[in-house]
Amino acid sequence: MRCLTHTLLRRLSCLSTQCVPGRWSQIFSPKRSSLRQRCSARPGVVTATSVVNYWQKVFETNGIPEARESSEYIVSFVLGAKTFQSLSSKSLRTPLTAAQQEQIQQLSNKRLERVPVQYVLGEWDFRDLTLKMRPPVFIPRPETEDLVSLVVEEESLMYEKNSGLCFPVSAPHPVILEIGCGSGAIALSLLHKLPQSQVIAMDKEEAAVDLTRENQLLRWGPVDFIVSNPPYVFHEDMASLDAEILRYEDLDALDGGDDGMTVIKTILALAPSLLKDSGSVFLEVDPRHPNMVKDWLQAHSDLLLVLCAVHKDFCGKPRFLHIQKQSR
Amino acid sequence: MRLLSRALRAAQGGWAAALLHPSRRAAPDRGSAAGTCLLLLRCGLSARPGLQELLAGPALRRLLEARGAGGVGPELAARVQRLRDKEQELRETRELARQDESEDLQKLAEKEIAACEEEIAELKQQIVLLLIPSEETDESDLVMEVTAGVGGQEAMLFTSEIFDMYQRYAAYKKWKFEILEYFPSEIGGLRHAVASIAGLEAYKYMKFEGGVHRVQRVPKTEKQGRIHTSTTTVAILPQPTQMKLQINPKDLRIETKRATGAGGQHVNTTDSAVRIVHIPTGIVSECQQERSQIRNKEKAMQMLSAKLYNAKLEEETKKRNSVRKIQIGTKGRSEKIRTYNFPQDRITDHRISRSVHHIECFMLGEEKLDEMIQTLRENADYESLMEIISENEKKNLS
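Chains as they are written, first to last, in our numbering: chain A, 1 to 328; chain B, 1 to 398.
Everything labelled a hint here was simulated from the structure, so no lab data went into it.
Quantities reported herein were computed from a predicted structural model and do not represent experimental measurements.
Misleading hints may appear alongside valid ones.
[Claimed, not checked] Computed footprint of chain B on chain A, listed as stretches where at least three residues anywhere in the stretch have a Cβ under 8 Å from a Cβ of chain B:
#1 58 to 70
#2 85 to 98
#3 117 to 128
#4 142 to 151
#5 224 to 237
#6 240 to 247
#7 309 to 315
[Stated by the list, open to error] Computed far set for chain A versus chain B, every beta-carbon distance over 10 Å:
#8 Arg-134
#9 His-192
#10 Asp-259
#11 Met-292
Glycine included, each C-beta is placed from N, C-alpha and C at the ideal position.
This is chain B alone, in the form it adopts within the complex:
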């Protein structure tokens, strides 16, 4: 446990260093997300030479051996093979340089050795990244639920702003954002809303946004200029594919306004609201966003399946007792994750104790929010990697 928290601290230091060298982030041969990740590891590790040794030395080999026994993916296997080849090449070049005394050849060998070493370091980092397990749900689309918490009208105003922020973030990431439910308050706030977000790696990013967001400011409704603290809760539910969640139509009760009377051509009513009850669990979802009834039904089904899937996942997580600091799922939902302090124009994420300024810019849902989420992702990756390595080391010790 101590190892873990130290690793985390090292990772935070690493991130600060990474920000100082933006040019290094744009390594040509990797995707930018992976690039920052690698750099984070590099910096994090250099900040703690003990850990670097852990990876450079036998710890990584032992981990690979343990993994190799369980069968590794083709991508990982290819890199491990390449690593072996490169190490062999390095040994040979060194041997050659030792034997030959020609100055030109020495220089050439030096160059080759340096290139080899660089590629070996690179390969090790890539291997390490591939060892980080991806979650079953990472590739999913998602359903986002925002609900005003404590703080009355002010909380609802803030909830509306948070909802808008994610809508803009989805546009920034070129994701599809569709409102499924929307319950505004009288003065322009938002009590509760649900939206579906779909697109490349949407859940992988958005899962870090689930939790309690706290706002500290003087509300528009406050006459005496006192600072209030209010909250809004964000829940991020992965959207299951049909493969992952089968719903028996017999378990559903679909309620519409047309239920009575002759129906069909005999009537022409316009109320297209749909309410779906999942009888075994009592979970309910409803939609009246659309004029088309079948579209309302589709949207309500989307929400229902996300709710059912989430209940199933929660059940599964309960069994696994993870010690990670960045929690996703139920445990994280009641956790206060971030504070938006308006008087100080500062946003603090409590999970990584990181603060940034310019709330207005942050809430545009563009680079600043994206950077925050990237940092969280990298920290989470780092945590899970450290967990894997230390677990493997523990096994080796025992």
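Isolated chain A, as found in the complex:
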């Protein structure tokens, strides 16, 4: 078992290396600032609202997506708030200091280079947590917040089943493995929601070098849940992604190969050896994947994995897979 897990980990750590780094950056090299246009009018009285309006115009003129939102987030951040809507009426009427204006200018200049807002601010919120964001680590998307809810629900369901017994086994501490943790959004949110759980978070970069973690995993043994938001973008879709993504995010975190399933298949192939009996895999996928995964699992029935539920995201797209290991 030890040996097996060892091999598994090595295979996991080699996941998704087929994407050639640098390829995209050649095609989508950042346009130099010579192209940038500036709005000539600077506001007279500098309030939060006037600064937001000013930079919105600058962003619009330069074709920056989400011009209004970007400007609002940057100004609010500098004023110590998370969103423009959460600024108090007092901070709206207080004129901005020179230092604040300078900081807004600096951050906005980054945004003009199509740096994602989350990297510009150096932080973003995922569920209840504010997480540091640094390029090129993948920025968690809002859909993934629901992936965490699914795991939490499943865990409480298992707990309920258990507590219904006359002589319940003492509440087990679930062991959860997250594959491809990026900024740690999923793993940390799970720890926050399930403080009694043990979460092992791994990423190919770290896992490849960090032998200590392998040893920790060995000590934990098989896990209750595997959760992953693996790279699932079909390779042919990669070229059409926005500049914010292509220029600044780690494309290995997105490119799922020709069918978007390279990493998904690897995880599923290894899952039976990593999971306890009746353990579950929760995956975020492309809306085309649920049927493809179902077919693939049927063709690989020896894995004893069953797709037991497909959950929709908040836009109604089939986005999350709940796959369970059959007990023998």
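We have chain A; now place chain B onto it with these hints.
Chain B alone, transformed into the frame defined by chain A:
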């Protein structure tokens, strides 16, 4: 009805007396809130001996009998039992004292009788308090909505001040205060805002703040120094638990900016605003306070469920036709409850015709506001108690 208004007047007199003796309020064996309440009753009743008789005499017994038939709570039953025991003890001690002529024993008996009588009076008051019905929603958390009324920019400035006052009051009471919606005006006022307030007995206190608050002052925007009158409306909606209000997810339409396109890893957008429509009622709530979309959704759901629950409660109150003066819920919402008169530095609550001074201090949302709310609570308790007793007496007469 006349009995009721007289009782209310007596209660107000009682409160004034209570304030003069702050030391008596801190009775060691009861919580401070209950303590003031008891004292209010005591003073109120002593101001009207007729009412005291009502409680000391057969009226209370008749009420307890009526209640006893319907089954009483264990706390009340225990106190009634203790009251019976004490009354028995009192009779026995009196009998003993009458028979024995020893001076020492007489003195001892006198002491015992006095102690007994005191405890009996105390027990009766506790019983009376337990008879006051608590509202279904009293233990709830709540959602507070403030909206600028008549008076343009000045009303919005005042709305912002009122909102801040309650935010500080929540901090003073150690409640959790979370802003769900916030629509400021250009010059630093507030058009509309919603906050959730959670904590020990939050609704029990805050429910008295719902209604129209009126301000009279010279606005900052006024050049000729004229006094304007403006208003702001405060609505206090109890937050239902999942047990009390079930919402079918199929009845909801959740709208976000990411609805079009591939979504997921394919895009990286930052607009996390969420709008929820409850299709059967058309009630809408939205939130863009947070960067996390799921948090915005949670907050919008919180507002939506409070709105739905309130609509349900309003429906129920419509059926009950209460005559109470301190109204909570829809009836109270359009009612002018309080005036903040700045030139005279005076705040008047119209429901209990009570005025206090030092507006600035009041709007800090600390002791002064708390005292006002306590007074309102006690008056409301007193009203409902009088309602119960007089109803029971009416039944007995007929």
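Inset, instruction - Over 10 Å to the closest beta carbon of chain B is the bar; see if A/Asp-259 clears it. - result: A/Asp-259 is indeed farther than 10 Å from all Cβ atoms of chain B, at 15 Å.
Legend entry - 8 Å C-beta test of the region 142 to 151 of chain A against chain B, three or more residues: This one holds; 5 residues, not fewer than the three required, reach chain B with a Cβ under 8 Å.
Inset, instruction - Examine the region 224 to 237 of chain A: at least three residues should have C-beta closer than 8 Å to a C-beta of chain B. - result: Answer holds; 5 residues pass the 8 Å Cβ test.
Legend entry - chain B over the region 240 to 247 of chain A, status - at least 3 residues with CB closer than 8 Å: holds (count 4)
Legend entry - Residues of the region 309 to 315 of chain A with Cβ under 8 Å from chain B, three needed, outcome: n = 3 at 8 Å, threshold three: holds.
Inset, instruction - Against chain B, does A/Met-292 hold up as non-interface, every C-beta pair farther apart than 10 Å? - result: Holds, since 15 Å exceeds 10 Å.
Inset, instruction - Establish whether the coverage given for the region 58 to 70 of chain A by chain B is satisfied; the threshold is a Cβ-Cβ distance below 8 Å, and no fewer than three residues must meet it. - result: holds (count 4)
Legend entry - Status of the stated non-contact between A/Arg-134 and chain B (beta carbon gap over 10 Å): holds, 15 Å
Inset, instruction - Decide, holds or violated, for the assertion that all CB atoms of chain B are farther than 10 Å from the CB of A/His-192. - result: It holds; A/His-192 is separated from chain B by about 12 Å at its closest Cβ, greater than 10 Å.
Inset, instruction - Establish whether the coverage given for the region 85 to 98 of chain A by chain B is satisfied; the threshold is a Cβ-Cβ distance below 8 Å, and no fewer than three residues must meet it. - result: holds (count 8)
Legend entry - Coverage of the region 117 to 128 of chain A by chain B (three or more Cβ within 8 Å): Satisfied; 7 residues make the cut.
The structure fails none of the hints (numbered hints given earlier).
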